[in-house]
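S.K.: Chains A and B supply the protein sequences, listed in that same order. Heads up: the first sequence begins at 1 in the numbering used here, then just goes up one per residue. Heads up: the second sequence begins at 1 in the numbering used here, then just goes up one per residue.
Hints should not be assumed to be uniformly reliable.
Calculated cross-link-like contacts (lysine-lysine; reagent style DSSO-like; alpha-carbon spacing at most 27 Å) [said to hold, decoys possible]:
(1) A:K142 <-> A:K13
(2) A:K13 <-> A:K93
(3) B:K110 <-> B:K262
(4) B:K110 <-> A:K133
(5) B:K6 <-> B:K332
(6) B:K110 <-> A:K142
Just a few of them, taken from the derived set where beta-carbon distance is under 10 Å, the chain B residues facing chain A [as the list claims (entries may be wrong)]:
(7) V105
(8) A107
(9) I158
(10) Y353
Derived from the structure by calculation, the hints contain no laboratory data. Note that beta-carbon positions come from the ideal geometry of N, C-alpha and C, so glycine has one too.
The residues making up each chain are set out below.
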Amino acid sequence: MRGQEARDQAERKAAMATLAQSSGDDIVRLWNEAGLPSQAELLRGPETGLVTLRGRIGGGGAPFNVGEATVTRATVRLPSGQVGHCYALGRDKQKAKLAAIADALWQDPARRTEVETRLIAPLRAALATTDEKRRAETAATKVDFFTMVRGED
Amino acid sequence: MYVAVKGGEAAIANAHSLLADRRRGDRSVPALRLDQIVEQLALGVDRVMSEGSLYDRELAALAIVQARGDMIEAIFLVRAYRTTLPRFGYSNPIDTGTMLVERRVSATYKDLPGGQLLGPTFDYTHRLLDPELAAGADVAEPLRRETEAPAMPRVSAILAREGLIEPDGEMPQDHVPGDITREPLEFPMARDIRLQALSRGDEGFLLALGYSTQRGYARNHPFVGEIRIGEVELELDVPELPFAVPLGTVRVTECQMVNQFKGSAKAPPQFTRGYGLVFGQSERKAMAMALCDRALRASELGEDIVAAAQDEEFVISHSDNVQATGFVEHLKLPHYVDFQAELDLVRRMRAEYEARENPMKAEEKREAAE
């Protein structure tokens, strides 16, 4: 049971990460295509605030504050009772609200598969394509050293 | 006697509408859109985010337009905006080891795991102005090379295996990271607070100080152990969720400077380090920050403080360009009463001086006046 709970949490977190990283336009488009319900009671927000970003001295040492980032958050409750949250970088309030609804729908066992396949999976695929493209473009700038042999020996 | 003077309201209003007109410029030229600035003046946007200390590309782009391209004015606008927002919390520390790397170079190891990735760099360009760019020529898609995503350990970890380099900077176990946006600066300050100040510090100021260390004012023989630029994930602990909530990714530049060190009473001979971490793609700034970080560790490492770059109070008190511009630029605001008093004083001193230097003439003057 505990293993299942941990797996659920990891999956929910992964879904939230995908939503946070995706653009509001992509979320709206897929939402409409999938015909997901968007009625929900707003418990908080959507509201924009700051999160102070921390780094580590030397990369892995003690934490220090680097600077702030805008973050928009929302909390919603579905008619069926599930409460969903979203925190995402930026100031897109509609995105935060939809992502919070998606998080709430995800927690409804009857809806989870639909949210995963119609919304999260395509968003995740688009993000992976972008990352892969960037990685390949960077890889093309990798320096291949070759040694010049000089002299007789 | 003090006489309060009012006025200038209409002049100020008209000046601001003139500013709006000049900012827009020739109406036959299309107005800039923010996405154009975000995409095509990306490093300017990054600088405003870094020194404005706020990661938000669109806001930085808006600030640049509103400031007519005056970067310090744009940074000022961003800093002012920050103060209007509530704070949700402090993120978990980012892990630059898991970065989606877009550039990564080391000047200390040729064949390091993960390799040298040049990325979108100005290095090795010939710095010749490009007329094709002026003509708006189309740009080809970049080449791609399909590879497995290689592991890219930090260079500092490679040196650490031999024990020849000091560890990543640690603080006492119970140390809470200081925050200069919450508490006033106090000297001497801990390294974490110094790094926060340096990360938002003025690029030009830190660059000049870093340069001064290379030229011999607190020389410490730096090598770029590694520079890496790319996106890292950001997470925040919140009470309503049992796990850290993912917020998305931010692009940062990290510089690991490795410095020669012959050892002192306090530390054995080993490589010491300076660290730079800034928002966006800001390589010069990250390097300057790392040079200054190392120089400012002088007393920690038992070095003599002989140069400006080692003087913590001097460097940190003057690194913030919003504070600096505020104090310098306030000089142009009305100081009429102050100056009147000074004028009066100088007149009096001048009269006394003349009386001393030339008593006869002063006497004549007085008589003539009578």
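S.K.: Mind listing which of the numbered hints don't hold for this structure, in increasing order?
M.R.: 1, 8, 9 and 10
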